[in-house]
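Those protein sequences? They're chains A and B, same order as listed.
Everything in the first sequence is counted per this note's numbering, starting at 1 for the first residue and increasing by one.
Everything in the second sequence is counted per this note's numbering, starting at 997 for the first residue and increasing by one.
For the record, the hints were derived by calculation from the structure and aren't laboratory data.
Be aware that a few hints might be false.
Claimed, not checked - In silico EDC-like cross-links for lysine to aspartate or glutamate, where the CA-CA straight-line distance does not exceed 20 Å:
| # | chain 1 | residue 1 | chain 2 | residue 2 |
| --- | --- | --- | --- | --- |
| 1 | B | K1026 | A | D514 |
| 2 | A | K79 | A | D98 |
| 3 | A | K368 | A | E462 |
| 4 | B | K1026 | A | D98 |
To be verified - Computed Cβ-Cβ distance ranges for the label pairs, DEER-style:
| # | chain 1 | residue 1 | chain 2 | residue 2 | range |
| --- | --- | --- | --- | --- | --- |
| 5 | A | T541 | B | L1039 | 23 to 29 Å |
| 6 | A | I298 | B | L1039 | 51 to 57 Å |
| 7 | A | D887 | B | L1333 | 28 to 34 Å |
As the list claims (entries may be wrong) - Non-contacting residues of chain A with respect to chain B, defined by C-beta distances greater than 10 Å in every case (computed):
| # | residue |
| --- | --- |
| 8 | S127 |
| 9 | M323 |
| 10 | N400 |
| 11 | G410 |
| 12 | D545 |
| 13 | W597 |
| 14 | Y642 |
| 15 | Y685 |
| 16 | F722 |
| 17 | V821 |
| 18 | G841 |
| 19 | F851 |
| 20 | F864 |
All values reported here derive from a predicted model rather than from experimental measurement.
Beta carbons are placed, not taken as given, at the ideal position from N, Cα and C, and that holds for glycine.
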Amino acid sequence: MKSKLTWILTPLLALFMSFALAQDKTISGNVTDQSGLPLPGVSVLVAGTTTGTQTDFDGNYTVSAREGQRLRFSYIGQKTAERLIGTSNTINVQLEEDAQALEEVVVVAYGSQSKKKSITSVSTVTSEALENLVVTDPQSMLQGQAAGVQVVATSGVLGAAPEVRIRGNSSIGSDSRPLFVIDGVPLGDDFLTGGQGGGQGLNPLASINPNDIASMTVLKSASATALYGSRGANGVVLITTKSGTKDGKVTVTLDVNTSFSRVTDTFDLLNTEEYIEVRRRNGVNVTSLGADLDFIDIVFREAVSTTYNLGITGGNQQTNYFMGMTYDDQQGVLVGNNLERTSFRSNISTKANDWLTVGLNFNGSLQKFDRTPIENAFAAPYTIAGLQRPDVPIRDANGNFTTGGNVGGGNVVAQELLNLNLSSQTRILGNFFAEIDLSSLVNGLKFKSDIGFDRVSVEAQEREVEILTPGGSAFNSINQQNRLIATQTLSYEKTFADKHNFNFIGGFAYEQNDRRGIAVEGTGFLSDNLLNVTSASLFPTTTSDGTTSRLVSQFARGVYDFDNGKYIFEGSVRRDGSSRFGGNNQYGTFWSAAVGWNVSDENFLKNATWIQDLKINASTGTSGNDRIGNFASLGTFFVSPYNGNSGLRPTTLPNPDLRWERTTGIDFGISAGFFKRRLNIGVEYYERVTDDLILNVPLDPTFNNGLNGRNENIGEVTNSGFDVNVSSVNINSDKFKWTTNLNLGFVKNEVTRLPETANIDEAGRRFVALGGFSGQRAIEGESINSFYLIRALGVNAQTGNFEWLDADGNATTTPVQADRVIAGQANPDLVGGLTNTFTFGNFSLSTLFNFSLGNDVFLNSRGFVENVRSAFNKTTRTLNQWQNPGDIAIIPSASSPTIARYDQNSTARLEDGSFLRLKNVNLSYNLPQKYFEGAFVNSVRLYGTATNLLTIKSDGMSGFDPETSSGGGDGVGAIGEEFFNIPQNTTFTLGVNISF
Amino acid sequence: MNLIMKIIMKKINIFLLLVSAALFFSCEGKLDVLPEDSIVNELAFADESLALGVVEGLYSSAQQDDVLNGTWQLAGEWMADNVDFAGTFPTFNEVRQYAIIPTNVSIFNMWDDNYETIGSANLIIDNIPSVPGSTFTAAERAQAIAEARFMRSLVYLNMSGWFGQPLQVGAGRANLSVPLVTSSEPGLELPRATLGEVHDFIEADLLLAIPDLASGTRVKATPSAARALLARLYLIQGRFAEAAVAANQVIGDSFYALSTNYAFYNQRGSTEHIFTLANNADDGQDSFEGFSGLSNPVPNGRGDTPFTNNLIAAYQEEPGDLRFTALQQSGNDANALIRIFTNKFPNFQNRDDDAPVIRITEMYLTRAEGNFRANTSVGATPVADINRLRLRAGLVPPLGSVTLDQILNERRKELAFEGFRRMDLMRNGQNLRRAGMPDVALSVPGANFTIFPIPQAVRDLSPFLDQNPGY
């Protein structure tokens, strides 16, 4: 004991002595980079103190310190250097380039590459960019984070699937969602639930826990996605989950946060008095039914959610692991909308011996949704809120729920309180891999075998009670998606003569995707207490169905680079065979080629001070889109019974020649750092031509046995544009650091060719009808999602008539369909995001704006909530109805002959959908060590996050969310259309993150 | 050295094992996967069982609400004077307000679904003769084809009423009707046929079908159902004597008899029914826009189709009319007002109420009107037929004589909510709306918006189909 004390005290005493004896002196010097050029702005700090300075423009510094202390020189992109202060008063330092910073690794298809040698178009979203987000699904993590990646939040309801487009919309009739791959396993993303009035079911990727995600890589160009072959055309998002460490330390991180949400913007509805007045003006006298309610207040609430997240990382040189657990209890802003999630993940890998590494990634999650019908559903609360008369009471004088007078037959408050509408989703996802180092056979040769499965099972339980559904009704279904993915790869890496690097990977993959579903329904219950179908007396539904698809692939990629990546050549090829396509075209081959030149490695730039990392690259390649369902090439009859006998009805027409949609892309990229990498700019130009588009070519049912269309490979769409990335370190002092990251994606989207069999519009252009509420069209020579509408002029102040423009541009009160013109388009010209991060002492503040420019939105619910002839409630805009000459009104005179048709589809419902949104603000504070010194805790971070705090949008979008898409996120058919979409939420989150 | 060799050999073995595993996984996949729950086209007429399945499918196709299960049967009632549409569907309100736009989606769906039924019939007629199998007898094949002819005629008669003006206005037989597609060959480009051509085709097809049809069912085509449809056609055409004769023939079939009360709705075995579409809970009306979905009050139904005051007044002219008192329910309409609704289709929840397509009462009414206007008394006098129906309705004493207006008024009260009213008014040259009702001026005979537009989506694809005036 005594000796120990001595051991501790002696050095301390020595230190004290040195403090006491040493004198402060002035030390000066000059700092240069590896090329000997002066480095301005280098931080010079006396180690262990807060004393320090920065080098001036010529790289010179002066600092006060004592002999025996150490000076620390640090600068971005350079290795930090330390020098012991000796007797000399001059210390000159030459900093070395930090190779590690340049060797930043980028995850790519079936492997990874150093950032320097990556020459296809790839965007990485790092863990720093992800850690401050409060989101519940992986798609939302990409919003505003990567150039050319557009993420539209389609609805504010829990579980809504965001719409993701990478470099524009490259498909008219097929699903244009990108492929998501998690730790090398392509994810199943079939919608296993119904939309309940929305365009699509619950987000299939909502079961992927954002807390498990370490980083995401977006493969954007055809050259980057060619290795995913028939599924690469919409882009590929590679998710890397968290992994363990090698340093022997175990870190436990606990994060707890609570969120408060409310809806951003909603309709402004008439009260009872106003409602009666609007009806009276339009010739209908109604008497109040007694109530005066604002249904917006009734169907929305302040929602409170809590999330607990536990992460454990650890490991050593041999074995490392990550374990994660999340429990999430979320309330939606809409009454009756809730979600409870539990998710576990375990990633472990171990080096069994010098030639074998094995690993297992395993993820189990359970999500219990309490769902709410939305949008176009029979009893969607927000829809009902917009339509229900404000004078209809929710409860009668005795406190019982009313049912009469409620739009859609129900009482949405009773419905959300009494009915069951549950969907519980279980996902088990994992892969096991073994990597065998075959260097004993051939140096640099490795074999990897990876077997994964992905099983999603969704059980829906619905129960409607007696007062809302006389007799009661119950529904129960189970839908499953089971996927098996097996991948075997051989990789080879070799350097010859120190300068010639070869990198090769080749392999086989097999995937099978099985879908099964069963559903039962019962009606006629004795009591609401009998919950399940078994207690019913009639059984309207008893079904069971299944379908299978298979994909067989061979692929290879080779990379050659000269002189540590000065010149890089890359090529890849993949051959896919898919059961989804016609017998005549089951196999397809996809390829890519790329060249890159790290110009900064050339002698003439090696010593440049103003520019670093200048890289130029070009690539081209092809990839495909197979998202057309399993049997689109077959003509079939479906089973449809009559009077207890099984019957057959024709349903589709065959096309044995059906093949993949194929995207061919070219890309040019240039990137460089400036001012010692304080400013980094990357610009890419791309052109993606998608031909062989698969379209359900509309056929006139009159002459085709009632069938509406046939799948054909026709037409061509071109997306071209620039992706721009700018990141900068604006201020980098000891106390304050400010960094900015701006990404911009400019897209021009055009239907470049449609077949002769396409429809011809009034102006002689070929088009394909996309449907939707507005009758959206893909028109040759125009945007893929064009709004084709009659132009509305509005109410004539003198006559009180509603007026439109006819085809020739003259005002008319009797427009016809031939007066429709291209009035707008749903795809933005520019999407992007702007992130600023400020660090000052223990505080850090980050803000994320995202924006969209140049797209139009069709507000279809206006046809309901602004229709003065209907008995529904309406928005306050309808108070502005023409009464007297000179009135500037929205609604025509009640006696105008245009009153019956003024609300037909026209530009009166089309608004500019551009917006700028403060998507995320995060303020966090790292508690100083002194508060928990001695405790087992390593760090404590307190944080607050606000989501959707501010939205700037056009006046016409007042009451609506600019991010809207009733069609849903799969991209089939019309987009950019609103129909009682639940607006986004504003959320405030408070949390604490403790690590020990 | 030996040891090293051993290790290397061992590793090579592992390597080979893994590579062969890879090959196994990659080659095992069979890409020829067929659907598990549908039949590919090539097999649909491959044998008798499947071919007869397509015949069942034809009736199933007609079960779509848009075809025979109520959407348009009820829409005719609110386009005329029986129903005061109170619902939310804008496309239905356009019909109610004579403010239809050619892009009206409901009307496109109706066209699409009706031509699907016609297409199924054409497929059967074209393919049944070549179905392999000697056990599929000539008589069975002929019957299947005759059933298809019957269904096709029924759908064409309905469609011709919606999309063109009736014989009684304009150019009469030369009025444009719907395209007459009679072959399953895809891609034909036929212009709209005239009403005369459509009527002639229906008549010929029914006459062709009658000898091949089998009797003894109320849920499928029978000889009497085909004759009853002929009687309906003749009445629409104003061929009153022939209508009376055809109706009389059906009345003479002892398989049918007037039900003694009004409990026959949804009673599939009742002698009242000549052809009723069998709807079951697991295979019923296919939306909430059919008979049961629209016609029940809230919360039992949508509350969309209450009686008009004019229809109530028609019943209340004489007290105790059972067709009013026994066949009504009162409840909330979609706008929270207490209204009177029909209870002919009360099962909103399961939507399994049968569709009353042709019933014997119609034949009595047709015989009465045919005889009255042809000045004949085939089978019975008009007053006898009308009194028979009035007696069942509880209206006594019997009338001594009847007028045409009385016959039509009885027809209205008997067949309300079953889809007859609009055509009955049109063929008699009357306004669709009575004085004091909304939009009377737009409802006069021959007015543009009393008939539907050819759907825009159809004309986009087949511009050679002329649009109706005003659209």
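Results of checking the hints against the structure:
no. : hint                            : in the structure
1   : B:K1026 with A:D514             : 14 Å, holds
2   : A:K79 with A:D98                : 5 Å, holds
3   : A:K368 with A:E462              : 13 Å, holds
4   : B:K1026 with A:D98              : 52 Å, violated
5   : A:T541 with B:L1039: 23 to 29 Å : 26 Å, holds
6   : A:I298 with B:L1039: 51 to 57 Å : 55 Å, holds
7   : A:D887 with B:L1333: 28 to 34 Å : 32 Å, holds
8   : S127                            : 33 Å, holds
9   : M323                            : 29 Å, holds
10  : N400                            : 13 Å, holds
11  : G410                            : 6 Å, violated
12  : D545                            : 5 Å, violated
13  : W597                            : 36 Å, holds
14  : Y642                            : 4 Å, violated
15  : Y685                            : 37 Å, holds
16  : F722                            : 36 Å, holds
17  : V821                            : 15 Å, holds
18  : G841                            : 54 Å, holds
19  : F851                            : 34 Å, holds
20  : F864                            : 7 Å, violated
Hint violations for this structure: numbers 4, 11, 12, 14, 20, all remaining hints satisfied.
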